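Going down the list, the protein sequences come from chains A and B. Quick note on this note's numbering: the first sequence kicks off at 1 and runs consecutively. Quick note on this note's numbering: the second sequence kicks off at 1 and runs consecutively.
Think of the hints as simulated: they come from the structure by calculation, not from any bench. Check before you lean on any hint, since a few could be wrong.
[Stated by the list, open to error] Below, a list of computed lysine to aspartate or glutamate pairs in the EDC-like style, where the Cα atoms sit at most 16 Å apart: (1) B:LYS278 with A:GLU211; (2) B:LYS74 with B:GLU4; (3) A:LYS278 with B:GLU105.
[Said to hold, decoys possible] Beyond 10 Å from chain B on every Cβ pair, some chain A residues (computed): (4) LEU4; (5) ASP88; (6) PRO90; (7) ILE99; (8) TRP113; (9) LYS118; (10) GLY140; (11) ARG166; (12) TRP184; (13) VAL208; (14) VAL227.
The model shown is predicted, which means the values in this text are computed figures rather than measured ones. Cβ coordinates follow ideal geometry from the N, Cα and C atoms, glycine included.
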Amino acid sequence: MELLLQQILSGLATGAIYACMALAVVMIYQSIGHLNFAQGEMATFSTFVAWQLITWGFPYWAAFALTVALSFAGGVLIERVVFRPLKDAPALSHIVVFIGLLAIFNNASGFVWDFTIKTFPSPFGQGPMFGAFLNMHQAGMIACTLGMLVLLYLFFSRTRLGLSLRAAAANPESARLVGVRVGWMIALGWGLASAIGAVAGMLIAPVVFLEPNMMLGVLLYGFAGAVVGGLTSPIGAVAGGLIVGVMENLAGTYVPVVGSELKLTIALSLIILILIFKPSGLFGKTLAKRV
Amino acid sequence: MAIERVSAILFLLAAIAAPMLLSGFFIFQVTMLLVYAIAIMGLNLLTGFNGQFSLGHSAFYAIGAYAAAILMDKFGIGYLWTLPLAGLICFAVGFLFGFPALRLEGTYLALATFGLAVATPQILKLTPLEHWTGGVQGVFVAKPNAAMGLPLTADQWLYYLTLSVFILLYILARNLIGSRTGRALLAIRENPIAAQSMGINVSLYKTLTFGVSAAYTGVAGALGAIVIQFVAPDSFGFMLSVTFLVGLVVGGIAWLPGALIGAAFILFVPNFAEEISKGLSGAAYGVIMILLMYVMPSGAGGIVQSALRAVRAR
Chain A
1 MELLLQQILS GLATGAIYAC MALAVVMIYQ SIGHLNFAQG EMATFSTFVA WQLITWGFPY
61 WAAFALTVAL SFAGGVLIER VVFRPLKDAP ALSHIVVFIG LLAIFNNASG FVWDFTIKTF
121 PSPFGQGPMF GAFLNMHQAG MIACTLGMLV LLYLFFSRTR LGLSLRAAAA NPESARLVGV
181 RVGWMIALGW GLASAIGAVA GMLIAPVVFL EPNMMLGVLL YGFAGAVVGG LTSPIGAVAG
241 GLIVGVMENL AGTYVPVVGS ELKLTIALSL IILILIFKPS GLFGKTLAKR V
Chain B
1 MAIERVSAIL FLLAAIAAPM LLSGFFIFQV TMLLVYAIAI MGLNLLTGFN GQFSLGHSAF
61 YAIGAYAAAI LMDKFGIGYL WTLPLAGLIC FAVGFLFGFP ALRLEGTYLA LATFGLAVAT
121 PQILKLTPLE HWTGGVQGVF VAKPNAAMGL PLTADQWLYY LTLSVFILLY ILARNLIGSR
181 TGRALLAIRE NPIAAQSMGI NVSLYKTLTF GVSAAYTGVA GALGAIVIQF VAPDSFGFML
241 SVTFLVGLVV GGIAWLPGAL IGAAFILFVP NFAEEISKGL SGAAYGVIMI LLMYVMPSGA
301 GGIVQSALRA VRAR
């Protein structure tokens, strides 16, 4: 029982990382209807910017805020410069552009900040908490993720801008007719996703250490979490990320012989199993389609 | 039609003459180009013609490659026989994977196939299977010599073998698409529900397409194993799937000859990017990819087809 509890808690801690990333994935999916493969590298790049600011002597939270602002602007800029001209191109071409962005950001981080592993400070400290199950940083990370979720929820349900954003995603044509500037809403979605990604990167970096490929694995889990939770629901994304983290941990502990080697495989098979029974994810809305 | 026939003949002549004019390493590269082209063709059948998205084709490529390597290494089966066998094995795996895939669409299917791509290298490294797969070390494959005493070097022979397989599979794919079955596949891509109401067995066709597509990619994997003479788990990761996808889009979706252009892109452009700048080669590759999508959003296929249309309209 002790072991089970410990595995679940440490699963939740890694799950919080995935949940952060899943949240960013859902944000971008909401506004453009695709998974952004470059999301992880964009977040890594943001984290490097934060690292640079801190090394230059900025206090942590100032660097944090500045990085989030810069990432937001960067996300908007990418949409305006790169995706605007391609808005009528086929979906698969967009995916190639994502992959192109991935290559650019990954290479740029490595080129500017080189490939040596860097430590990234945690604002919460590394001391133990709840016995030895979680450390301060992990607890802080879970709290931040939940905080972000609440903020997003309030933004989408209580503000005019959030409503416009949802309208633009749900039905661009009607949204335009009632005066929503759909193009800018999409750019805003990119900005938000990029900013959330930056927060995720800064929270994750103290755990996995900062290097250009830091996010590759995390993003994969983030995708998995987002899809399990349902790509249309931020709450689902967080729940999905946590579920993936816990399942991965439990599979590694309790499945004999192959468990530890096939952690990821077992987690992914479970996810596929969930999807077979709930094809739009646990919390996703099933959309009716017109023939 | 005439233009297509002429370009096919020109391609054949160039392809047959190529190894006489090129040096050893270049022959190897062109052989790999054809191998990738076969894999992209397989992906095109599924994604381009049937509208099912896959990030898992690296898995089928890996299964084909490992099937060939293990059959040769452990069972002493001749390398030529491994090609159809690898195709059959991958057909079975793809067909079976097609069933759960039936329930999923778009992004969700992408995730399921993505799981397959991520899982495959892990399964190949698994300790209980090490006797067969060689674990992290992989399996070495002997390089075959030219058959029937033909006066060719081993590289040239492999090139011609790959070329023949490519041409055979290309013709098969073309005929498949032109047939009643092919029209069913297109109808499913355009609108599954409408296709079903016209009496097309959607589930059967979708799973079969998955199988055929996997078989193509598996044959490519087997050829790749023979050409490179080595298989190892980490060369078949998720990024290989992404590479195939880039090749597919660059070549042109639902346009078969595009496979060659796409394969050339994924094989040569990374090297070219490296020559532009050593440190920033990845960024250069990314920029080239994005610029290409600006110039031709529907890939080479889109450009060629609209050019053909313009010529015919005159």
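Hint by hint, here is what the structure shows:
Between LYS278 of chain B and GLU211 of chain A, the direct Cα distance comes to roughly 19 Å. Violation of the 16 Å bound is thereby established for this hinted pair. Note on LYS74 of chain B and GLU4 of chain B: the hinted pairing is violated, with a Cα-Cα distance of about 44 Å set against a maximum of 16 Å. With a C-alpha separation of about 12 Å, the suggested pair LYS278 of chain A and GLU105 of chain B falls inside the 16 Å cut-off, and the hint holds. Even its closest Cβ contact with chain B, about 25 Å, leaves LEU4 of chain A beyond 10 Å, as expected for a residue assigned away from the interface.
Against chain B, the non-interface label of ASP88 of chain A is violated: not every CB pair exceeds 10 Å, the least being about 7 Å. For PRO90 of chain A, the requirement that its beta carbon stay farther than 10 Å from each beta carbon of chain B is not met, with the minimum near 6 Å. Interface exclusion of ILE99 of chain A from chain B breaks down, the closest Cβ pair being 6 Å apart, not more than 10 Å. Distance to chain B confirms TRP113 of chain A as a non-interface residue, since its nearest Cβ pair spans about 12 Å, more than 10 Å.
For LYS118 of chain A, the shortest C-beta to C-beta distance to chain B comes to about 19 Å, beyond the 10 Å cut-off, and the non-interface label holds. The Cβ of GLY140 of chain A sits about 29 Å from the closest Cβ of chain B, beyond the 10 Å cut-off, so the non-interface label holds. Against chain B, the non-interface label of ARG166 of chain A holds: every CB pair exceeds 10 Å, the least being about 19 Å. Look at TRP184 of chain A: its CB is around 22 Å from the nearest CB on chain B, clear of 10 Å, so calling it non-interface holds up.
VAL208 of chain A, annotated as away from the interface, keeps every beta carbon of chain B farther than 10 Å; the closest lies near 18 Å. Distance to chain B contradicts VAL227 of chain A as a non-interface residue, since its nearest Cβ pair spans about 4 Å, not more than 10 Å.
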